[in-house]
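*Asks:* Model the placement of chain B on the given structure of chain A, informed by the hints.
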Amino acid sequence: MVPRDANATSKAASGACLLRTRGLSKQYGPVTVLSNVSIEIEAGEIHAIIGENGAGKSTLMRLISGYVDPSAGSLEIEGHAVSFATPHEAQDAGIVLVHQEILLADGLTVAENLFLGRELTRNGVVDDRRMQQIAADKLAELGCHVSPNRLVRDVALADRQLVQIARALLDDYKLVIFDEPTAVLTGNEVERLLDIVLRLKERNIGVLYISHRLDEVQRLADKVTVLRDGKMVGTYPGRTLSQMDMAELMVGRELSALYPPKSDAKPGEPMLRVMNATVPGYVEDVSFTAHKGEILGLAGMVGAGRTELFEGLVGLRPASARIELNGVPLHIRSQREAIDAGIGYLTEDRKAKGLLLQERLAPNLTLSALGRFHPGLYLRKRRETAALAEAVAQYDIRLKSLKVTAGQLSGGNQQKLLLAKILLTDPSVVIIDEPTRGIDIANKAQIYTFIRKLVGQGKACIVISSEMQELIGLCDRILIMRQGRINGEVSGEQMTETNIALFATADTEGGQAAVGGRA
Amino acid sequence: MSTVTQSAPSRRPRDFAFSWADAGPFLALAALLVIGFLVNPDFLSVTNLSNVITRSAFIAIIAVGATFVISSGGLDLSVGSMAAFITGITILFMNAMAPSWGAWAIPAGMVVALMTGLACGLANGVIVTVGKIEPFIATLGTMGIFRALITYMSDGGTIPIDRTLREAYRPVYFGTVGGIPIPILVSLAVAAIASFILYKTKYGRKCAAAGANEDVARYSGISIVRTRTIAYVVQGACVAIAAICYVPRLGAATPTTGVLWELQVITAVVIGGTALRGGKGHIWGTVAGAVILELIANLMVLSDFVSEYLVAAVQGVIIIIAMLIQRFSK
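Residue numbers (the working numbering), protein chains in the order written: chain A, 1 to 519; chain B, 520 to 849.
Just so you know, these hints were derived from the structure itself, not from any lab. Just to be clear, a hint being listed does not mean it is correct.
Unchecked claim - In the DSS-like style, the derived pairs of lysine-lysine whose C-alpha atoms are separated by at most 27 Å in a straight line are:
{"id": "1", "chain 1": "A", "residue 1": "K351", "chain 2": "B", "residue 2": "K721"}
{"id": "2", "chain 1": "A", "residue 1": "K403", "chain 2": "B", "residue 2": "K721"}
{"id": "3", "chain 1": "A", "residue 1": "K262", "chain 2": "A", "residue 2": "K223"}
{"id": "4", "chain 1": "A", "residue 1": "K201", "chain 2": "A", "residue 2": "K223"}
{"id": "5", "chain 1": "A", "residue 1": "K231", "chain 2": "A", "residue 2": "K266"}
{"id": "6", "chain 1": "A", "residue 1": "K262", "chain 2": "A", "residue 2": "K400"}
{"id": "7", "chain 1": "A", "residue 1": "K292", "chain 2": "A", "residue 2": "K351"}
{"id": "8", "chain 1": "A", "residue 1": "K400", "chain 2": "A", "residue 2": "K231"}
{"id": "9", "chain 1": "A", "residue 1": "K231", "chain 2": "A", "residue 2": "K351"}
{"id": "10", "chain 1": "A", "residue 1": "K266", "chain 2": "A", "residue 2": "K453"}
{"id": "11", "chain 1": "B", "residue 1": "K651", "chain 2": "A", "residue 2": "K403"}
{"id": "12", "chain 1": "A", "residue 1": "K174", "chain 2": "B", "residue 2": "K719"}
{"id": "13", "chain 1": "A", "residue 1": "K292", "chain 2": "A", "residue 2": "K266"}
{"id": "14", "chain 1": "A", "residue 1": "K351", "chain 2": "B", "residue 2": "K651"}
{"id": "15", "chain 1": "A", "residue 1": "K174", "chain 2": "A", "residue 2": "K138"}
As the list claims (entries may be wrong) - Beta-carbon label-pair distances, calculated as ranges:
{"id": "16", "chain 1": "B", "residue 1": "A667", "chain 2": "A", "residue 2": "E284", "range": "47 to 55 Å"}
{"id": "17", "chain 1": "B", "residue 1": "F556", "chain 2": "A", "residue 2": "S83", "range": "53 to 61 Å"}
{"id": "18", "chain 1": "B", "residue 1": "I652", "chain 2": "A", "residue 2": "P280", "range": "18 to 26 Å"}
{"id": "19", "chain 1": "B", "residue 1": "I712", "chain 2": "A", "residue 2": "P280", "range": "50 to 58 Å"}
{"id": "20", "chain 1": "A", "residue 1": "I102", "chain 2": "B", "residue 2": "L843", "range": "53 to 61 Å"}
{"id": "21", "chain 1": "B", "residue 1": "A708", "chain 2": "A", "residue 2": "I102", "range": "51 to 59 Å"}
Glycine included, each C-beta is placed from N, C-alpha and C at the ideal position.
Next comes chain A alone, as it looks inside the complex (with noise of 0.2 Å):
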């Protein structure tokens, strides 16, 4: 931390604010990904950050907490002016960030794991004894009771989750930074960390609080500040806002144009029949059904199998299923006979299981249909040139020439040549894993309707996602995960947040029930 007193003296203007930002920005090259964010925390203010995936939530997050330096702007904490270069001077300085992703040595114990780095000695040596006790204290506040001796590894993923909160309120901090707690947490836990913010708040501790989930924010925020697309919509007191309000801030228009009219159409016959599919340990006796037409939703929270199944029915992980294509059998093994047989999966994780970065965009486009550009010998690059000027036509993808690399351009243009990628194998069922996950609204909305226009022409298609508008926006009919099964399903006037987040947290009785769904 470096205090710079020639602003000191702004702390009588800005009075006992706990953190305030100034303007700031943070670019990656040409590419702005926060740009001009001024926001302020009381001590004892829980403060929201929401937006979509892309937003620039997390990036404000790290920016604030140490582990990016900003591009341009300024922090202050109580007034003085502070810059950190690492994540362990905003900790001196009272910031601690609580990561998404849980950050944890497997290997280790919980107590080792709640002191790694800051062990208690005694005559210089590691006193177990007091750490395990420590541990046990501030796990039971938090209402975990796992032993400290347990090994990380043994240890369920909400507790994980827990433990890592343990760890960031072991010290006394004024500020706590939450990125998505919630988002491996079901009923009961949600409700224990929305207890332990609350209790944060009462010890006079500021709270900035990200979650995807606006219920949650509804309940806890005495101040929202909406992101969108690293820009920043506006702070506004918490419970002024309703849930649609958010969204729409979020979004930034209304969302009904956000997403392309639903067609009328009955969806037609069954094309893709799962029957039992089961992928060790992560999904158990799944069973559903895509029509033709038809834009399927999978929702779930992180960790309920939606991925994995998905995974699993093309052959990129072990799994068993019955599968059946527009009624014949399917004994898939490989995702290359996935692909031969007409199902086409992109991948949530387009930076490093969709494409080649470092590669120019035809040998990305044409690695899943090679086949279509070697009809002899060798490959003809001039199909292949073609074929990229036709995809690029065709999904409005804006690049500055044909000679970049994949990674020089921008998300939703990647997102849009992965997609034009799995099309060139004229799948006749399309999965799609998070179709917009960080990239901007105008491609998002593109991509919408890409996969509108794609049921037009007769293919199924699937989409999971973690953003419930997204899905409720674009989908005929969600499938609701949860533990590896699924465990809801909702279509029509049905498909409402609210029902999505009861299915994905709630255990219902007797596996799996339809509320409204169709006949």
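*Replies:* The following block gives chain B in isolation, referenced to the frame of chain A:
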């Protein structure tokens, strides 16, 4: 592919874009020739250069195979021992057949060499891909096995080629066609075929994709197991071809044949511009790399600056410099 160049608007960018990384090895080669000439004008004589390049041919041929393996994300430490092993088997076979088949034992022996190479490569590939063992460890194991086998076959001594075959086999190394030594022609042919496969075929794409990002390749429906295994088989074939050219030069296989070749091979690939972690392979860069290594050795012999006993040290320095350049040019 001549038609392609006519399509003016969206001409394939790759072939015309200049890249320092791609040109690096050739610039280094040119610089080395100039330095060599300044140090000793004899260096640029046709005889000397032709000798040097001929000597670099084995490493070049093996390194072309290694470019496949490394491009696909693998590594093969066993090439030196494998070369010795194949040489041993081939000579034993030729000697056994010489009395009845006469000179025909030579082409038959070449076929045996090729078969052995393919089998050795397949073994490496299957251990790495199906066995899911780190390439470094797997080929460290087979390196020991091949080395032990040649030592066992030769009883710790040498396996000389039968006198009756020596004259007939000699031209494979010492002969020329149109004034160009045969080993040079063979390595050019191997490199030409290899670059066709790597740059113009489906397999080449799959190979580079598997090495650049295994997940992307998998999610694109490419079989990593098949792609990498084939790369090892190609490597085996290249080792066999190198061994075939090598037999007449020494006339025998010994337990020290091919010792430390793996080091030279990997050095040639890396200074040729192929990243050790996989991805796009640079066949002609690899060939240039092999020639550079031999030129440096030759230069050290011709000049008096550095003792020729330090050749390996200089080559070691070169591989480190090449890696540093790759690191910092990112």
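*Asks:* Determine which of the earlier numbered hints do not hold for this structure and return their numbers in increasing order.
*Replies:* 3, 5, 6, 7, 11, 12, 19 and 20
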